Amino acid sequence: MSAFAAYTIIGLSLGGIFALAALGIVLIYRVTGVLNFAHGAMGMFSTFVAWQVFYGYPHPGMPSWEVTAEAILAGLGFAVVLGLFLELAVFRWVRNRPQITKAVITIGVLLTLQSAASLIWKNNQYHLPIYIAPQTSTFMLAGVPIGANYIVIVVAALGLAFGLAAFLRGTAFGRAMRAVSDNPTTAALWGVRVDAVGAVSWVLGSVIAAIAGILITPFINFDTTSLTLLVVDSLAAALIGGLVSLPLTVLGGFVLGLLETYPTIWIQSLGLPRLIALLVILAVLIVRSPRGLPGVAK
Amino acid sequence: MRGNAWRFAAALIAFAVLARLPVGLDAGFQFDAALAVIWAFGILSLVLLYGYAGQVSLCQATFAGVGAYGAGMTVASLHGGYLLGIVVGVLFATVLGVLVGLPALRLHGITLAMVTLGIALVFDKYVFQDHLFDWFTGGAAGWQVSSASLLGISVDSSKHLLASYDVLLALFLVCAVLMLNLHSSGAGRRFRAIRDSELAASTMGVNLTRYKLLAFAMSAGMAGLGGSFYPLVAGSVSPQPFWVFTSLQLAAIGVLMGVRYVPAAALGGFFMAVVPDVLTRYGHGTFLNRAYEISFDWFQIAVGVLLVLQLILLPDGVWGDLRSHAARIRGALRFKRAGEVTAA
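Protein sequences appear in the order of chains A and B.
For the first sequence, the numbering used here puts the final residue at 298, and the numbers step up evenly by one.
For the second sequence, the numbering used here puts the final residue at 344, and the numbers step up evenly by one.
If you're looking for bench data, these hints aren't it; they were derived computationally from the structure.
Hints should not be assumed to be uniformly reliable.
Stated by the list, open to error - Once the Cα atoms are required to be at most 25 Å apart in a straight line, the calculated SDA-like pairs of lysine to any residue come out as:
#1 A:122 x B:277
#2 A:122 x B:321
#3 B:336 x B:321
#4 A:122 x A:185
#5 A:122 x B:306
#6 A:122 x A:200
#7 A:122 x B:129
#8 A:122 x B:336
If you're wondering where the values come from, they're calculated on a predicted model, not measured in any experiment.
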């Protein structure tokens, strides 16, 4: 029973990561129409920047929370620059191209980011994590100790999902983003600055990817490829949300996290979770008509 | 018929030239030459599937890998001849192609890209690496192929690498000519109709189920044919050459070179196998008193950046761009000649 509870907690926090990464994919897809296969690679690069600041340089006499904050700020700051650069240098110029062309461009971005990171940080596996909460602090929930870092992930996923939803519904800029996602031409006619909206969604998406990447470091041995390939699980979670719904995407992330974790109680296999993610993708795409997904052109 | 004769003549000349190229080079470059043809098969299979039939695939290296493991298993574990190994490899890849084609019946564009990326990842991390599939992959050690012969010719990697290169090259050129002929055949026209609009194609009476599955089966079989030579060329099989990033690279280089054109496959195969080796061999030294070293990562960065630039600037790919330039020059020459005739 306690093993089951422990696996549930691992599954939920893994699911929280998927949910976070998927939120960024959904945001960018809804507003700019780009299905971003490079989402994992973007998060990976920002995570490595944070990791470099955390472990790469000596921080004499600094309290550990300050080092953590500095690392996270560096990672997120890099994510802002990366998102802005991709929008300004690449995706602004292909706005009216077919959807699949834009998706293939993100594969070019993926290859570039992954190999640039592997050039800088080599193909080693890293397991020195960035802890948000101290590693030793735990909560007791129904007699089961839960590490505070697990709770941070779940709270971050839920908080960002609802924060993002509130931002899209409640603020003028959020309404502008939704207008662009419905119809860019009409939105432009009504005076919405489509360029600014595109830039903000790329920056937000990139930052969310970075948060997901930084939060996952305590739980896996990470390298430049494993974080890049996290995009497949995130796509599965995003598909459960139909590539539109933020709450359903978060739910999808948690469901996928649990589905991928429970079988490891009985079967030790590194590849099995990938099979489960693929089956979820297939199940969603075949059960729903593809035309049920918004903006998926024939 | 006249076009056909020209194509076969061009293929024969290409064979005579290309077969000579790696003669006398060291074993490393001879391996690159054979590998270039294997990846050219992978890109040619993408020309059929994406360029002709409009079906995106991010798992072409997986088809090649299944072909390689099928051939390796037949030769190393079942002690069959290598010819049988190739047949088994192509068969396995074709069956997988049909299986991947089944969900594709309901999917297009980005949803198909997601599914095929998932398939590439599952084969990379699960099928090629899990103990459950040791009968197929030979476990962590993989299959070793030390000596083999095809129809009496010794073609193993240790001493007769060039023989297997010649066989591969001949097969590739045959496939390339068949692909050129396919373009204007009935099936090719149906593929292109599906690419341009599935709805219009089915209205015109094209059987979508049959022709989509046919495209996937033929494409996977072609990638598997190239892959089934891998154990011969490399002497062993391992998951690494067929991992998910190879599939992404095949797609990237295929689109970069011009995924609608057959010659782009040869160009892409050469680019993918030979350029990184040349870079790592000669790309180190000192420049302005600073040591530098160009690794494989630089090659992949170049592929990514070139792909992004190409899709923004030259959407038809390198070969497509060359073709349209050539057509413009031909047109200008014809115009000039016509002017001379009227002046005289």
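Hints and how they fare:
no. : hint          : result
1   : A:122 x B:277 : 19 Å, holds
2   : A:122 x B:321 : 36 Å, violated
3   : B:336 x B:321 : 23 Å, holds
4   : A:122 x A:185 : 45 Å, violated
5   : A:122 x B:306 : 23 Å, holds
6   : A:122 x A:200 : 32 Å, violated
7   : A:122 x B:129 : 23 Å, holds
8   : A:122 x B:336 : 57 Å, violated
Of the numbered hints given earlier, the model fails hints 2, 4, 6, 8; all others are met.
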